[in-house]
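Undergrad: Each chain, written out:
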Amino acid sequence: MSRLLDIDGLTLELHDGTRLLEGISLSVAPGETVGLVGESGSGKSLTARTVLGLVPERSRLGGRVRLDGREVIGAPARDILDLRRHAAAMIFQDPRAGINPMRTIGDHLTETLRRCEGKSAAEARARAIELLADVQLPRPEEHFGQYPHEFSGGMLQRVMIAGALTSSPKLLICDEPTTALDVTTQAEIVRVLVELRERRGMGMLFITHDLNLAASLCDRVVVMSRGRVEESGDARRVFTAPEADYTRRLIEATPSIAVRSLDGEAEADASAPAGPMLEVRGLDKQYQLRGRPPVHAVVEAELEIPRGGSLGVVGESGSGKSTLARMIVGLEQPDRGEVRIAGRERSTAPRSRAERIAHAKSVQMVFQDPYLSLDPRIPAGRAIQDVLRLHGGLDRVAAEARALELLEAVGLGERHLAARPKTLSGGQRQRVAIARALAIEPELLVMDEATSALDVSVQAQVLDLVAQLRAQRGLTVLFISHDLGVVRRVCERAVVMRRGEIVEQGPSERLLREPEHPYTRLLVDSVPRPSWEAAA
Amino acid sequence: MTTPTPTLAVKVLRAPRAHRTSLVFAIACGVVAVMTLAAVFAPFVAPYPPDAVDFTAVNAGPSAAHWLGTDGLGRDLLSRLVFGARTALLGPLLVVIGSTIIGMLLGLLAGWRGGWIDAVLGRVFDVLFAFPSLLLAIMAVALFGKGLVAPVIAMSIAYAPFVARLTRALVKAERTRPYVAAYRVQGFGGAWIAFRRVLPNVTPIVGAQSTLNFGYVLAELAGLSFLGLGVQPPTPDWGAMINEAQSGVAGGYFLPAIVPAVAVVLVVVAVNIIGEELSDRIGGGVPA
Amino acid sequence: MALDSRTVSVAAREAAAEAPRRGRWSAAGVRRVAGKLGGLALTLFLASLLVFFSRFLVPGDPVSFLLRGRKPSPEAIAQVTAQYGLDLPPWQQYLNWLGGALTGDFGRSLQYRQDVSTVIGERLPVTLMLVVMSGILIAIVGLSAGVVAALNRGRPLDRLTLVGLTVLSAIPSFVGSIVLIAIFAVQLGWFPTFGSGQGFGDMVYHLVLPSIALAIVFVVLVGKVTRSSMVEQLGREHVEVATSRGLKRATVIRRHVFRNALGPILTVSGVLVAGLLVASTIVEAAFGLAGIGSLLVQSVDRLDFPVVQAIVMLVVTAFVVVNAIVDLTEPWIDPRSAAGASAR
Chain L
1 MSRLLDIDGL
11 TLELHDGTRL
21 LEGISLSVAP
31 GETVGLVGES
41 GSGKSLTART
51 VLGLVPERSR
61 LGGRVRLDGR
71 EVIGAPARDI
81 LDLRRHAAAM
91 IFQDPRAGIN
101 PMRTIGDHLT
111 ETLRRCEGKS
121 AAEARARAIE
131 LLADVQLPRP
141 EEHFGQYPHE
151 FSGGMLQRVM
161 IAGALTSSPK
171 LLICDEPTTA
181 LDVTTQAEIV
191 RVLVELRERR
201 GMGMLFITHD
211 LNLAASLCDR
221 VVVMSRGRVE
231 ESGDARRVFT
241 APEADYTRRL
251 IEATPSIAVR
261 SLDGEAEADA
271 SAPAGPMLEV
281 RGLDKQYQLR
291 GRPPVHAVVE
301 AELEIPRGGS
311 LGVVGESGSG
321 KSTLARMIVG
331 LEQPDRGEVR
341 IAGRERSTAP
351 RSRAERIAHA
361 KSVQMVFQDP
371 YLSLDPRIPA
381 GRAIQDVLRL
391 HGGLDRVAAE
401 ARALELLEAV
411 GLGERHLAAR
421 PKTLSGGQRQ
431 RVAIARALAI
441 EPELLVMDEA
451 TSALDVSVQA
461 QVLDLVAQLR
471 AQRGLTVLFI
481 SHDLGVVRRV
491 CERAVVMRRG
501 EIVEQGPSER
511 LLREPEHPYT
521 RLLVDSVPRP
531 SWEAAA
Chain S
1 MTTPTPTLAV
11 KVLRAPRAHR
21 TSLVFAIACG
31 VVAVMTLAAV
41 FAPFVAPYPP
51 DAVDFTAVNA
61 GPSAAHWLGT
71 DGLGRDLLSR
81 LVFGARTALL
91 GPLLVVIGST
101 IIGMLLGLLA
111 GWRGGWIDAV
121 LGRVFDVLFA
131 FPSLLLAIMA
141 VALFGKGLVA
151 PVIAMSIAYA
161 PFVARLTRAL
171 VKAERTRPYV
181 AAYRVQGFGG
191 AWIAFRRVLP
201 NVTPIVGAQS
211 TLNFGYVLAE
221 LAGLSFLGLG
231 VQPPTPDWGA
241 MINEAQSGVA
251 GGYFLPAIVP
261 AVAVVLVVVA
271 VNIIGEELSD
281 RIGGGVPA
Chain D
1 MALDSRTVSV
11 AAREAAAEAP
21 RRGRWSAAGV
31 RRVAGKLGGL
41 ALTLFLASLL
51 VFFSRFLVPG
61 DPVSFLLRGR
71 KPSPEAIAQV
81 TAQYGLDLPP
91 WQQYLNWLGG
101 ALTGDFGRSL
111 QYRQDVSTVI
121 GERLPVTLML
131 VVMSGILIAI
141 VGLSAGVVAA
151 LNRGRPLDRL
161 TLVGLTVLSA
171 IPSFVGSIVL
181 IAIFAVQLGW
191 FPTFGSGQGF
201 GDMVYHLVLP
211 SIALAIVFVV
221 LVGKVTRSSM
231 VEQLGREHVE
241 VATSRGLKRA
251 TVIRRHVFRN
261 ALGPILTVSG
271 VLVAGLLVAS
281 TIVEAAFGLA
291 GIGSLLVQSV
301 DRLDFPVVQA
311 IVMLVVTAFV
321 VVNAIVDLTE
331 PWIDPRSAAG
341 ASAR
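Chains as they are written, first to last, in this note's numbering: chain L, 1 to 536; chain S, 1 to 288; chain D, 1 to 344.
In case anyone wonders, no lab produced these hints; they're calculated from the structure.
Take these hints with a grain of salt, some might be off.
Said to hold, decoys possible - Footprint (simulated), chain L over chain S, 3 or more residues, beta carbon under 8 Å: (1) 47-55; (2) 190-201.
What the hints assert, rightly or not - Computed cross-link-like contacts, DSBU-like style, restricted to lysine-lysine with a CA-CA straight-line distance of at most 30 Å: (3) S:172 - L:422; (4) L:170 - D:36; (5) D:36 - L:119; (6) L:361 - L:422.
Since the model is a prediction, treat every value here as computed from it, not as a measurement.
Glycine included, each C-beta is placed from N, C-alpha and C at the ideal position.
Between the sequences and the hints, there should be enough to build the whole structure, so can you do that?
TA: What follows is the structure in structure tokens.
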């Protein structure tokens, strides 16, 4: 069988001797979609880029990479240009970064036609407009003269796809093409890709960290970790009966929205003692930007969490979920409405030091990006001690002992006391952030997308930690996330937000199983599912 | 063929570089240290008093008696160079200290508070930017007379906006970082966060820039003396020495001009290397 | 994947919301230009206050300040008092001065006994010529050094260029002048040591060494900014995308790297103009050129304050105007700035 892409024993070594790829083998046949899955640092992007000769400077390659019957490794520059122009094209992760912001959409689309194929301006324009229509952009003629900053992320990704198709490639390489997008936009982009693949009979190499996404559209998958192929084979076989340990762990760590039994709901009802811990009533916030219409970030939000309960807030970017969280912890002041934590009004800005400390004692927050939420200069132990001394008035020795206790409670140890954030991994940093929040012993813990910057396996560990701490300490948690699967894993109840409004709330399982609001249904339906389950 | 670096490789390639420049850096530090020591202990280091005249050696080349030769009046160039280091180094030092203190405080104020304070300070900086430092120094001389005092004050004012704008930008960026929000949520006060956490985080970058400023200021103050507006003869100063030696150059006596010129270049190169190395090293440690 | 029919229209709605903000000459664009011009006027006004009222920082009475170093006869005092309106209240003196300055009348020079504008007018061509020649030199050498270094980043040629630039950055114009005179004028005799020559060709010839001396430090500035701006762009994903599409490397560099790197280079060029005008004082002094730089030094030396004020105001105005022009060209360099979108 003639293969479109055939990679055999590919190795890649940097000039300093670091080996990034160790004997990768995979193949893609015409019309076939092969998924390349793995966590960050697994080398999946690097593998895909070698196909187009995009390798780090002064690196050494070994093995064979045959694209459309021609060898890529060691090929002269002229041949590489030809392969890039005719054999394969690539769609990148972040369309906002991937399209030159200083040139028009039209320029992006016609550039290769005019400069590589020698088409006239009019011909190239006609072809570009045709492609813009192919990726289902609403007004191709008008878009032609627009600049990237006038487009949303989803629209730009369509432009990127159209740009890749100008050369009518036989192989389309997609490098996490939907990771930067919301789940409903992801569903649209995937639909466009699937349709184009079928119409053109292209082979597709689809790189993603999202196993559900890979399962939804790939015929075969290749699982990578640390520069090696862990397992490869038919998608359904790999995901339902994984052979490699690594694959099994990855599958277990991946949150799913598949409907489970009903015990979740029962649990939620059992743990509802008297008096809510958090009460939000009629919370409203508008942002006034100069020269633009005001943005209504949060509209009359109402929610409640019982003592020891947990509530998820789900929404896409711009839904106002982060603004809601920031108002609850006091980083923003609401225009109207009130926030009561343990029965006390907490929506006005604290004026005195005592008020500030009382406010901090009532609610703490864990932020999204652990790389930015820790002070780069302050070691982990010191960060926790600072908080302890501010709140508890502990002396140095007592604070140090307590800091160690807290680090141990989140699964870190003595050697992390003096560690600066940059020496810690993402998961470790998020543990430090949680320990720091717990040091204050807050009544409510707000987690704002606290695991979305982490790899799935690390995310699973952090989520387990949160569950464990809740069981041990009876912590009340407000969990903000874009990921339905993650929310379901942590929270008994959830609310769904869209454009500042809470459109639906209820037990998490119920929202997944029988969403009432059309938007919730759209959200649930947009989450990718394995193709064999969807068919069933 | 070269191609851009993919994501994983980017991380690998941007890992902290080995200390390949440490030798050059050490030499630069050595040059600055030697010059500083020479300036401080000038009377003990210099073989002659700076204005001692040797009539037997006028415009003489290097010899055992005069290692670097003599100038048109028969004064020992090495001695004048050593004493000249005092004004050459002291002026820039004062300017850098003054401008850094003023600039950091104003920059912190503007960047942290924002709002109308930022707007007003921004306008003040804009106006001061329109006056290049040397121009402001020349104007100060026109007003208050020749010497080093007025130019040093004028240059401190002229350089402060550069420091302030840098500090402001850094503080503004820092202020939006989640770690600052985290401090707020933990109950720390604004002033504590600004002075105890944000300021120390931006200080290394500002410090590296101020180090580079030292070189520029040294060159400009020496230039002012070269124009005859700064340090006045017979006080030894590198710029003034070049000015005095100018007529000799046309007659083919290069040494009296070249010796202080080399000193200026040497110190400025050394300071620039130190400044660039510092900002390189810091560049890796600060969150992007 | 089942999809709600309304999602399909999301893209359309977004596009509709974006549509009215298009076009460079939109209302927002006009407002932006007006705002910049207002800012320019305000900055110039505040600068003029500083230039004029700086005189009042000096203790003592204004007449003896203006006549420092001269032996004032009672008639001279009376004449100066009347001429500069020193008996008027300060704000009125300022308005008179400003009114004159706006029409090109900066009063009379104390040393030349001529109108300040005449004295400056005679000296301006040499300085402008010097600045223009230096500017051309800086653009050619600085840009090429930066581009060469950026395209070879991390390689020996890059390091060599950087070392070269670091050394050049430490050569102040007076050192450069002395060395160039010593080597090319005195030793080799290729160029004159002194004066600005007669006629255009001769003037260019006379200004070769001075313009090189003036350019040295600024070449470094442009070179370093070009390099870092290009290196930054080279690491951007859109460059990788362009490469992946089979464009030739030269095309990628020209259309995606250099083009996008222009912004910071242009900004630095704006700052450069005032720097050149001021640094020319030193070069003109070293080469004995009769430009406004040497006039400034002479006027400070001879306590001719009206001329100092006029030259300072001239340089400041040049700086502010050039920077405003650079600012206004920004939307052509980066279309995002026209829409007020944040740069990234």
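Undergrad: Quickly compare the C-alpha distance for residue 170 (chain L) and residue 36 (chain D) to 30 Å and report which way the hint goes.
TA: 51 Å, violated
Undergrad: Tell me if chain L covers the segment 47-55 of chain S under the three-residue, 8 Å CB rule, please?
TA: violated (count 0)
Undergrad: Within the assertion that chain L covers the segment 190-201 of chain S, do at least three residues meet a Cβ-to-Cβ distance smaller than 8 Å?
TA: Satisfied; 3 residues make the cut.
Undergrad: Check the hint pairing residue 172 (chain S) with residue 422 (chain L) against an upper bound of 30 Å on the C-alpha distance.
TA: Roughly 22 Å separates the two Cα atoms, so the pair holds.
Undergrad: With the threshold set at 30 Å, check whether the alpha-carbon distance from residue 36 (chain D) to residue 119 (chain L) stays at or below it.
TA: Cα-Cα ~42 Å, so violated.
Undergrad: Could you grab the alpha-carbon distance between residue 361 (chain L) and residue 422 (chain L) and see if it respects the 30 Å cut-off?
TA: 28 Å, holds
Comparing the model with each numbered hint stated earlier shows that hints 1, 4, 5 do not hold.
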